[in-house]
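Sequence lines, in order, name chains A and B.
The opening residue of the first sequence carries number -1 in this note's numbering; numbering runs sequentially from there.
The opening residue of the second sequence carries number 261 in this note's numbering; numbering runs sequentially from there.
Where hints are given, some of them may not hold.
[Unchecked claim] Pulled a few chain B residues facing chain A out of the computed Cβ check, cut under 7 Å:
id: 1; residue: Glu267
id: 2; residue: Glu311
id: 3; residue: Ala319
id: 4; residue: Leu328
id: 5; residue: Ala336
id: 6; residue: Gly339
id: 7; residue: Gly408
id: 8; residue: Gln411
It should be emphasised that the hints constitute simulated quantities derived from the structure, not laboratory data.
This structure is a prediction, so every number in the text was calculated from the model and none was measured.
Cβ coordinates follow ideal geometry from the N, Cα and C atoms, glycine included.
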Amino acid sequence: MMRLPPFRYRAPRTVGDAALWLAESPGDTMLVAGGTDLLPNMKRRQQTPRTLIALRGIAELCAITTGGGVGAPGEPSASGESPSPRSGRVGIRIGAGVTLSALVRNEEIRATLPALWQAALQVATPHLRNMGTLGGNLCLDTRCTYYDQSHEWRKAIDFCMKKDGRTCWVATSSPRCLAVSSTDTAPALQALGARVRLVSAAGVREVSVADLYENDGMQYLTRRADEILTEVIVPDTSGWRSTYWKLRRRGSFDFPVASVAAAARLDGDGRVEAVRLVAGAVASRPLSAPKAEALLVGERLTDERIAAAAQAVYEVAKPMDNTDFELVWRKKMVTALATYALRELRGDDTSAVRLRLARQVL
Amino acid sequence: MSETTIESGAKVRLALTVNGEPAEVLVDAYKTLLEALREDLQLTGTKHGCELGECGACAVLVDGEPVLSCLALAVACDGRDVQTVEGLQANGALHPLQDAFADLGGSQCGYCTPGILMTAKALLDRTTEPTRDEIKDALSGNLCRCTGYLQIVEAVERAAEQVRSGANGCGQVRAGAGEHGSPKPVDEDSPAKAGAQ
């Protein structure tokens, strides 16, 4: 039986208190919301924080604000760029503490952000979606065959680079950890041009989801240890279509072994005005595919164009042999996922192949 | 729940509602809800499976929603309403789900059964006319290594029919958060147990 290691438990009522408490000792304090990622890791002694700050009692983290607006009052965006599809207008703000189940139940999200809705609905299981939060899924620890194991298992291989060891057993000459980004919602939100709000005792900043991640299995987040991810801000996506395609062994439970999120705006003539393609679970962060996007802008989504773009998404994917399925096949499947995604955005009925792949009604 | 700090190694006194009755319990702060239920409240109907969120054996209802008790901190459940498999029967009468699982072979070794029963109860509390797809979706976080699932799905369908026809009133019982302090079931003993004495 695996017990949790001892920890000091703190449950603040406000984000302000949480940020102050976190600032006291950010190096050995961790945030916990649903606990579905952190608690298994603590049981396996992958993470042993001295203090846990529980966020679930903070009501302000659980709001979904729909129907427009132009950003939070008095809180200018710290990022100079405007990554949103339409002139920085905010469409939906989702509190980081919103459970994945609550997100999936939201009809406006379902109607306007299908990529996010499909991604959230394909995370784990109903029980875990009742517990796990959007913020937690975005901050999900990277995963690896050599890391997500009990302490005894990891000790037997003299540990790995990500925790207590020095070697990356996925590629022993690798200078960096190759653990894989396994979040479903991040590729979807990156494709939708979303931003996140990071709050610390020192202040507030916003970064795009694309800038929240680094391609490093250990330092996979650019969030500082004293910051709390409090909110996801999705820009106004009127006129945009989006979709998320996930590969996993079973129709529930499993983390993605490859995924593709796509969002596009087409003109009345069916030509692509703007598009974003993001591959998930094939590196230590969600990967944009700018070459694929460039191939599509100004073009109609013909079979040939889609094939060329899907090939360009395939080329950015760098799966390693550290999760389920064989890596060459996973990489090949990125082409298939990108193809399905773009055909769906074109307007094809992809429900049959979707059901075959997802084994879940989406 | 109010603002809290609990020091490492301390015990914490929790006030829960468990199966419709108030329960006060002193638990180690590091314990999961599963450990608190089994070790401190002696409710061993809820099973210890993978302990990592990969099987569903430990599923219970917290405030009416199915969650995995192995990944819920007990301290985070203070003040909340918890339903376990022990609370399914009412006054000695089995819940329609229990009847249907027994009658249709929905349970073989039985280890996954408490988690599946509670997950299915949450579904039937939400709708008494679930489609087969809805049943499969609801139970997609519960692994069973014996039945092949068909009997489980059929048993939930049978139970839903029984609840709809009102064959057994306890199917309507819902120990919601607001029921704190409602009358307790009078007779804890099943007729079979009483007859054996």
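Cross-check of the supplied hints:
{"no.": "1", "hint": "Glu267", "verdict": "holds (6 Å)"}
{"no.": "2", "hint": "Glu311", "verdict": "holds (5 Å)"}
{"no.": "3", "hint": "Ala319", "verdict": "holds (6 Å)"}
{"no.": "4", "hint": "Leu328", "verdict": "holds (5 Å)"}
{"no.": "5", "hint": "Ala336", "verdict": "holds (6 Å)"}
{"no.": "6", "hint": "Gly339", "verdict": "violated (10 Å)"}
{"no.": "7", "hint": "Gly408", "verdict": "violated (15 Å)"}
{"no.": "8", "hint": "Gln411", "verdict": "violated (19 Å)"}
In the structure shown, a violation is registered for the earlier hints numbered 6, 7 and 8, in ascending order.
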